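A.B. asks: Here's the letter readout for the chains.
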Amino acid sequence: MTLVLFRIDERLLHGQVIVGWGMRLGIDYYVVVDDDLAGSDWEQDIYSAGLADRTAVDFVSVAETVQRFSELDSREGRGALLTRGTEDMRALGEAGLLSGKRVNLGGLHATGSRRRVLTYVHLDPGEEEDLKAIHAFSSGVTARDLPAGREVGLEELVDVLE
Amino acid sequence: MKPLRSDHFAAWSRTFAVQGSWNYTTMVGTGVAYALLPLLRRIYAGDPVRLRESVERSMRPFNGHPYLCAMAVAALGRLEQDEVDPATIDKFRLALRGPLGTVGDRAVWGQWRPVCALVGIMAFLLGASPGWSVAGFLVLYNVGHIAVRAWAYITGWQAGLEVGRLLNGAWLERWAEKIWPLNILLTGAVTLLLAAAVVEQAALSLAPAALLGIGVVGALLAFRFPRQGGRLATVLLVIAPLLWLVGGLVG
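Protein sequence lines correspond, in order, to chains Z and R.
The opening residue of the first sequence carries number 1 in my numbering; numbering runs sequentially from there.
The opening residue of the second sequence carries number 163 in my numbering; numbering runs sequentially from there.
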């Protein structure tokens with residue numbers, strides 16, 4: 001099959017992703033794109049502790065994702081690709097990997113420089129620009145925390161910020 | 163200084179209030195800091211600057227299943243005691259919130275709570291008084307609840323940074339897998355008992371064998387079409403008690 005979910009969520013592998021999206025979409029494997037995590041065994045152990053035994057996970061850097069994307073996107077089963085922030089997803093878009101894909105914005109929580117857009121999405125100006133770029137590189141960006149939640153388009157998110 | 167047993171008990175008991183200041187900015191972060199405070203006060207006794215730094219660190223955003231937050235509190239306390247550098251503690255916090263939510267949601271909300279609720283409902287349908295049915299549910303549920311919190315705290319303190327390895331494939335996960343068939347069995351049994359009560363109340367001339375037959379056909383259809391079957395079963399489980407109540411009020 002192929003990667004059926006591209007999601008930006010700073011919590012990476014957590015309940016909403018594994019139980020909410022994973023069970024709904026029948027996800028068999030996760031690809032977590034994060035330069036720091038790709039080189040840290042103890043963090044990988046913790047992040048993957050919530051996965052069921054039969055679910056596979058790969059922790060890869062952005063560069064490795066670009067290099068191995070055709071293999072990651074053509075494995076047996078259904079996969080989900082996760083990035084912690086907008087910057088890494090934008091890098092994948094710039095490498096041409098998001099063509100024809102829809103990107104889901106899941107959870108970016110409050111920090112000092114971010115402004116609240118939705119209860120689960122807070123953005124700073126740089127992230128807003130990243131999202132516009134990702135929108136251009138892909139079939140579109142929408143925010144939705146869970147499959148049953150309301151889908152919010154990028155235009156609406158930007159309206160709130162402006 | 164090493165925390166005393168009384169500090170551990172104080173920290174563990176404070177985890178019951180971990181959601182008391184839940185908000186969209188720090189989520190349970192403040193609650194985690196509140197629970198950690200007895201440990202931090204002991205670890206940094208006589209060093210107010212480091213105590214303040216550690217409390218500020220502990221108040222940063224965190225989320226996880228409320229019962230398993232006890233594991234986070236204990237593990238974070240252990241890292242503070244072991245003088246792990248703050249950058250690693252921050253990474254640890256970020257990493258831990260995912261699996262604590264997933265494992266807890268799946269085992270407690272997904273399996274244990276429905277099983278206990280179904281046992282309580284079934285006791286009532288089989289003739290127990292409402293008070294005993296509710297009391298049975300509360301006692302049964304909280305035995306599991308307290309056991310999970312105690313295990314989480316002890317494991318978190320013993321494992322520290324290695325908590326991921328212990329959480330992966332821990333008894334809670336294995337137990338959630340094993341209890342799943344019981345959950346389904348109880349759901350079916352309660353549905354049949356409710357259906358029998360509604361039929362009896364409506365004075366329909368439906369023999370028990372016919373009711374069982376309908377149940378078997380329904381189960382086979384649900385097995386063939388699980389998604390639609392699941393939705394229909396949910397609707398029926400909501401409607402049946404309402405019909406029963408309305409029937410009781412009218413009749």
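Since the hints were made in silico from the structure, they are not lab data.
These figures come from a predicted structure and were not determined experimentally.
A portion of the hints provided could be inaccurate.
[Claimed, not checked] Partial selection, computed: residues in chain R whose CB lies under 8 Å from chain Z: (1) 223; (2) 252; (3) 257; (4) 263; (5) 264; (6) 268; (7) 325; (8) 330.
[Claimed, not checked] Label-pair restraints from in silico Cβ distances: (9) 95/Z with 168/R: 26 to 36 Å; (10) 252/R with 67/Z: 25 to 35 Å; (11) 396/R with 25/Z: 17 to 27 Å; (12) 68/Z with 386/R: 24 to 34 Å; (13) 407/R with 158/Z: 40 to 50 Å; (14) 320/R with 56/Z: 36 to 46 Å; (15) 150/Z with 320/R: 14 to 24 Å; (16) 305/R with 67/Z: 43 to 53 Å; (17) 400/R with 56/Z: 29 to 39 Å.
Just so it is clear, CB atoms sit at the ideal spot from N, CA and C, and this is done for glycine as well.
A.B. asks: Work down the list of hints and note, for each, if the structure agrees.
C.D. replies: The hints, checked one at a time:
1. 223: This hint holds: residue 223/R lies near chain Z, its Cβ roughly 6 Å from the closest one there, short of 8 Å.
2. 252: violated (11 Å)
3. 257: holds (4 Å)
4. 263: holds (4 Å)
5. 264: With a minimum Cβ separation of about 3 Å from chain Z (threshold 8 Å), the hint on residue 264/R holds.
6. 268: holds (6 Å)
7. 325: holds (7 Å)
8. 330: holds (4 Å)
9. 95/Z with 168/R: 26 to 36 Å: violated (56 Å)
10. 252/R with 67/Z: 25 to 35 Å: holds (30 Å)
11. 396/R with 25/Z: 17 to 27 Å: holds (20 Å)
12. 68/Z with 386/R: 24 to 34 Å: For residue 386/R against residue 68/Z, whose Cβ atoms are near 39 Å apart, the range 24 to 34 Å is violated.
13. 407/R with 158/Z: 40 to 50 Å: holds (49 Å)
14. 320/R with 56/Z: 36 to 46 Å: violated (29 Å)
15. 150/Z with 320/R: 14 to 24 Å: violated (43 Å)
16. 305/R with 67/Z: 43 to 53 Å: Because 52 Å falls inside the window, the suggested range holds.
17. 400/R with 56/Z: 29 to 39 Å: Cβ of residue 400/R to Cβ of residue 56/Z: about 37 Å, so the range 29 to 39 Å holds.
Figure legend: structure checked against the earlier numbered hints; hints not met, in rising order: 2, 9, 12, 14, 15.
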